[in-house]
Amino acid sequence: MSSRENILQAITANKPSFIEPPIIEMKRAVLSSTEAVQQFISTLESIGGKAVIVEGVNLIRENLQLSRDTGAYIVNTIPMLGEVNDEITTATDAHSLEPVFKAYIGATIGIAENGAVWIYESEMKNRLVPFICQHLVVCLDVNKIVPTMHEAYSQIDVAKEGYGVFLAGPSKTADIEQSLVIGAHGARSLLVYLIAPVLK
Amino acid sequence: MDPRNFNKFYFAPIGATTMSHSKAAGVFIQDEPRTDWHDETLWFVREKRDKAVRQVPEWEQLRELASGIKDHTLSNLDNYLSAFEKNALANGVKVHWAADAAEHNDIILQIIRENNVLRIVKSKSMLTEECHLNPFLIEHGVEVVDTDLGERIVQFRNEPPSHIVLPAIHLKKQDVSQTFHEHLGTEAGNNDPQYLAEAARIHLRDKFIQSQLAITGVNFAVAETGGFVVCTNEGNADMGTHAADIHIACMGIEKIIPRAEHLSVFLRLLARSATGQPITTYSSHFNRPRVGQQMHIVIVDNGRTKQLGRPDFRNSLKCIRCAACFNTCPVYRRSGGHSYHTAVAGPIGSILNPNLDMKANADLPFASTLCGSCSNVCPVKIDIHVQLWKWRQVLTNEGYAPTGKKIAMGGMAFVLAHPSIYRIAGKMGRWVLRSLPFITNNKTLNPWYKQREMPTPPKQSFRDWYIKNKR
Amino acid sequence: MKVGLFIPCYIDQFYPQVAIATMELLEKLCCEVVFPLNQTCCGQPMANSGFANLDKGCDKNFVNNFSGVDYIVSPSGSCVLHVKEHLHDEDESKSLQIRSHIYELTEFIVDVLAVPNITAAFPHRVGMHVSCHGQRGLHLSSMSELVAPTFSKPAQLLGMVTGLVLTQPKRVDECCGFGGTFCVFEEAVSAKMGKDRVSEHEANNVEYITGVDVSCLMHMEGILKRQGSKIKTIHIAEILNSMEAVTVSN
Chain A
6 MSSRENILQA ITANKPSFIE PPIIEMKRAV LSSTEAVQQF ISTLESIGGK
56 AVIVEGVNLI RENLQLSRDT GAYIVNTIPM LGEVNDEITT ATDAHSLEPV
106 FKAYIGATIG IAENGAVWIY ESEMKNRLVP FICQHLVVCL DVNKIVPTMH
156 EAYSQIDVAK EGYGVFLAGP SKTADIEQSL VIGAHGARSL LVYLIAPVLK
Chain B
78 MDPRNFNKFY FAPIGATTMS HSKAAGVFIQ DEPRTDWHDE TLWFVREKRD
128 KAVRQVPEWE QLRELASGIK DHTLSNLDNY LSAFEKNALA NGVKVHWAAD
178 AAEHNDIILQ IIRENNVLRI VKSKSMLTEE CHLNPFLIEH GVEVVDTDLG
228 ERIVQFRNEP PSHIVLPAIH LKKQDVSQTF HEHLGTEAGN NDPQYLAEAA
278 RIHLRDKFIQ SQLAITGVNF AVAETGGFVV CTNEGNADMG THAADIHIAC
328 MGIEKIIPRA EHLSVFLRLL ARSATGQPIT TYSSHFNRPR VGQQMHIVIV
378 DNGRTKQLGR PDFRNSLKCI RCAACFNTCP VYRRSGGHSY HTAVAGPIGS
428 ILNPNLDMKA NADLPFASTL CGSCSNVCPV KIDIHVQLWK WRQVLTNEGY
478 APTGKKIAMG GMAFVLAHPS IYRIAGKMGR WVLRSLPFIT NNKTLNPWYK
528 QREMPTPPKQ SFRDWYIKNK R
Chain C
143 MKVGLFIPCY IDQFYPQVAI ATMELLEKLC CEVVFPLNQT CCGQPMANSG
193 FANLDKGCDK NFVNNFSGVD YIVSPSGSCV LHVKEHLHDE DESKSLQIRS
243 HIYELTEFIV DVLAVPNITA AFPHRVGMHV SCHGQRGLHL SSMSELVAPT
293 FSKPAQLLGM VTGLVLTQPK RVDECCGFGG TFCVFEEAVS AKMGKDRVSE
343 HEANNVEYIT GVDVSCLMHM EGILKRQGSK IKTIHIAEIL NSMEAVTVSN
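Chains as they are written, first to last, in the numbering used here: chain A, 6 to 205; chain B, 78 to 548; chain C, 143 to 392.
Simulated from the structure, these hints should not be mistaken for laboratory data. The beta-carbon is built from N, C-alpha and C at its ideal position, and this holds for glycine as well. One or more of the hints may lead you astray.
Calculated cross-link-like contacts (lysine-lysine; reagent style DSSO-like; alpha-carbon spacing at most 27 Å) [what the hints assert, rightly or not]:
| hint | chain 1 | residue 1 | chain 2 | residue 2 |
| --- | --- | --- | --- | --- |
| 1 | C | K337 | B | K504 |
| 2 | B | K504 | C | K198 |
| 3 | A | K55 | B | K125 |
| 4 | B | K395 | B | K467 |
| 5 | B | K504 | C | K374 |
| 6 | C | K374 | B | K527 |
| 7 | B | K482 | C | K226 |
| 8 | C | K170 | B | K545 |
| 9 | C | K367 | B | K504 |
| 10 | C | K337 | B | K125 |
| 11 | C | K226 | B | K527 |
| 12 | C | K198 | B | K536 |
| 13 | B | K520 | C | K337 |
| 14 | C | K198 | B | K467 |
Computed footprint of chain C on chain B, listed as stretches where at least three residues anywhere in the stretch have a Cβ under 8 Å from a Cβ of chain C [as the list claims (entries may be wrong)]:
| hint | region |
| --- | --- |
| 15 | 148 to 154 |
| 16 | 271 to 277 |
| 17 | 405 to 416 |
Sample of chain A residues at the chain B side, in silico, Cβ under 10 Å [said to hold, decoys possible]:
| hint | residue |
| --- | --- |
| 18 | V57 |
| 19 | L71 |
| 20 | K165 |
Please put together the full structure from these sequences, using the hints given.
This is the structure in structure tokens:
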């Protein structure tokens with residue numbers, strides 16, 4: 006008999022009698038959307054990231070262009086910010102991506118309680134981009150911030166694409182004497198632009 | 078090969094033959110300032126945890142939910158594993174099943190050989206530590222680079238991790254500096270964590286880019302989607318898997334949860350319990366291999382189905398490996414992870430490891446005062462201290478108690494069951510303490526007396542007083 | 143009400159003053175106190191060492207001594223917890239009756255007697271040691287690990303004592319390291335834990351360390367004495383029964 010059958014049979018023999026799953030119902034304080042945005046910003050700051058509210062995308066476009074003007078390898082995946090780096094596909098290898106200095110990526114939602122954003126594989130073009138770049142810039146609709154993980158999972162479909170990530174702040178480690186070091190293996194910094202509608 | 082042989086091999090650098098917890102702890106404590114530092118550093122993590130959980134008013138409700146989801150999952154584990162397998166296969170993932178550590182290691186070696194892989198990176202996986210994968214692969218001429226900073230440090234030093242979340246927490250920055258100087262050529266005497274972490278970043282970036290195969294653990298596997306979640310702060314799991322042509326994810330059978338929405342509960346609990354962060358930097362959801370990539374999942378039993386069959390101990394399988402019980406444990410903080418001589422140390426290790434090998438781990442359930450703090454911090458409400466107590470009974474019944482203890486306890490039980498003998502013994506005891514203190518005040522024969530004075534024995538017991546004054 | 147006084151073996155032998163204070167205090171609070179003369183021990187030392195199977199004789203003796211009282215009260219959280227969780231008898235109705243009517247002293251005063259005040263005076267600076275079994279087992283006080291309202295039955299009673307200044311160590315509820323036979327089988331860790339507890343109280347300039355469990359106090363006393371410290375340990379019953387500076391008004 007295969008290990009698969011052995012394991013499954015052993016479980017069937019040894020498991021306790023059926024226990025009903027609990028219903029996820031949480032009594033929580035209700036956050037207004039302004040409070041949720043403020044909490045997102047302060048939480049992200051507390052974990053080493055930064056979030057700023059911008060009206061429209063003009064400022065981001067300008068900053069993207071300024072970065073490109075330095076000659077550094079800047080990757081943009083968001084069409085409304087300007088030229089998109091079409092040379093990057095799902096098949097682009099690590100050697101080609103290693104020089105990426107800064108990447109601009111869109112996110113689907115943000116979460117107030119932990120400062121995380123959800124990024125689908127399609128938003129990053131290549132799974133490595135948000136990790137291998139030295140600095141990461143994420144763009145998110147300011148109205149897409151939810152209070153907690155419960156709302157987050159109800160609004161995304163984690164299985165829709167091959168890969169997706171909750172990303173909260175820059176890469177970090179405290180493995181040496183619990184001293185916090187920002188920039189372990191992934192991006193050294195994270196800036197989240199919260200895009201608000203342009204006021205007329 | 079018997080994985081216990083690896084155990085000896087693996088733990089050889091820290092203690093030649095395996096020392097009992099109490100003995101190893103005694104060695105650890107000899108350096109008292111360092112013990113204080115270890116204790117305070119981990120207590121600091123506990124405090125960060127406290128601060129984080131107090132920002133979630135529904136914290137206790139979340140723990141209850143997590144516990145309930147896991148209890149439910151264990152009661153239907155066979156069906157959930159089958160569903161997970163079916164969905165993972167449909168996602169284009171190859172699924173392997175391993176009865177034990179040896180089979181787990183063989184499966185991985187076979188994938189390595191079939192694909193002629195030379196360069197391998199691994200992010201943190203306690204399961205691969207439990208299976209002693211690294212020494213096994215080394216024996217077969219395969220080198221694996223651990224990419225978690227803490228794990229890389231201990232790998233350079235040929236030591237096992239001492240903590241499941243903070244693998245190098247037993248080391249000071251001077252130790253790391255020395256190790257990196259030897260292995261990475263960093264400046265001698267430069268102890269700046271920033272500088273040392275940067276050196277590791279540069280060194281490992283190269284390994285990531287070159288790697289052909291990446292091994293990761295699994296934090297949660299979702300039955301309804303066939304996907305799995307890996308959590309890191311450093312980003313090493315993602316750097317490895319997205320760069321490599323082959324991804325192998327190793328998981329114990331207990332990592333299953335039924336639905337994606339359940340992730341919300343566990344991801345709210347995990348990082349807050351582990352480090353006091355609101356969430357880990359990266360919570361990566363893998364569903365399908367990217368184009369051209371192979372993705373494998375190895376589902377491992379290694380004693381877990383046996384533990385599932387022990388009603389008193391099965392809920393230890395709810396563990397999500399946050400290590401909150403390590404950080405709060407006053408014994409762990411003062412004895413260090415290596416004193417537990419197992420891959421998973423701390424209170425949770427002390428209830429998991431006797432299941433794997435009762436004889437080798439008979440000391441562990443006794444490495445506790447049963448203070449109960451572990452059960453209180455546990456995000457999935459495992460009654461750890463109750464299980465420690467119950468393991469003591471099992472180990473004694475199975476004959477793993479030292480003979481001296483057996484005789485002493487037998488004698489004590491006899492005396493305490495017979496009031497008149499007890500009164501004579503009590504009187505004699507007090508008399509001996511008063512009149513012949515050198516018998517008890519002996520640092521070799523009486524461990525109490527090594528660092529503590531004996532109580533001053535009164536002339537009369539309470540019972541004597543009561544008869545004289547109250548009757 | 144008739145209260146059976148349970149005095150654990152080591153208190154009987156080494157700390158009779160704690161038992162006397164407990165008895166006098168309960169009598170002051172209008173209880174009829176009886177002390178069954180053939181009691182010995184709850185059986186915890188064997189059980190915690192993995193020898194619960196040896197507890198039959200001890201259990202039987204306990205049931206023989208404590209059947210037929212309204213309540214059983216003891217100045218030891220640890221022993222009470224053991225009885226509550228592990229006492230058995232051939233006739234389980236007898237053991238269950240005991241298990242549901244046994245109380246640690248402070249929880250008995252707060253929950254059963256529910257006295258509004260206690261006439262006691264102890265003009266000293268006192269450090270509170272929270273004993274694990276009383277706290278996490280009997281829930282005598284809130285626990286630092288949980289997100290829940292804070293409370294403390296022992297501290298509530300000490301708050302009624304005239305002149306007493308109560309302090310908390312930095313780590314409010316860390317174990318002292320006694321742990322029964324742990325204190326000898328894991329001597330190094332045990333003693334280190336005790337030393338660390340004591341030093342946090344020293345930092346608060348206390349004159350006394352108090353608590354609901356004599357075992358923890360005995361452990362810290364052993365360490366304090368070895369260090370030649372001036373700090374003394376004292377059981378909470380002794381404080382609640384104390385009338386040191388008699389300027390109490392009712």
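Tested hints:
1. K337(C) with K504(B): With Cα atoms ~30 Å apart, K337(C) and K504(B) exceed 27 Å; violated.
2. K504(B) with K198(C): holds (24 Å)
3. K55(A) with K125(B): holds (21 Å)
4. K395(B) with K467(B): holds (17 Å)
5. K504(B) with K374(C): Judged against 27 Å, a Cα distance of about 25 Å means the pair holds.
6. K374(C) with K527(B): holds (20 Å)
7. K482(B) with K226(C): It holds: about 25 Å lies between the C-alpha atoms, which stays within 27 Å.
8. K170(C) with K545(B): holds (20 Å)
9. K367(C) with K504(B): holds (24 Å)
10. K337(C) with K125(B): This hinted pair holds, its Cα atoms lying about 24 Å apart.
11. K226(C) with K527(B): violated (34 Å)
12. K198(C) with K536(B): violated (31 Å)
13. K520(B) with K337(C): holds (17 Å)
14. K198(C) with K467(B): holds (17 Å)
15. 148 to 154: violated (count 0)
16. 271 to 277: The restraint on the region 271 to 277 of chain B is violated, since only 0 of its residues have a Cβ under 8 Å from chain C and three are required.
17. 405 to 416: This one holds; 5 residues, not fewer than the three required, reach chain C with a Cβ under 8 Å.
18. V57: Violated, because the Cβ-Cβ distance from V57(A) to chain B comes to roughly 20 Å (cut-off 10 Å).
19. L71: violated (26 Å)
20. K165: Check passed: Cβ of K165(A) comes within 8 Å of chain B, closer than 10 Å.
Comparing the model with each numbered hint stated earlier shows that hints 1, 11, 12, 15, 16, 18 and 19 do not hold.
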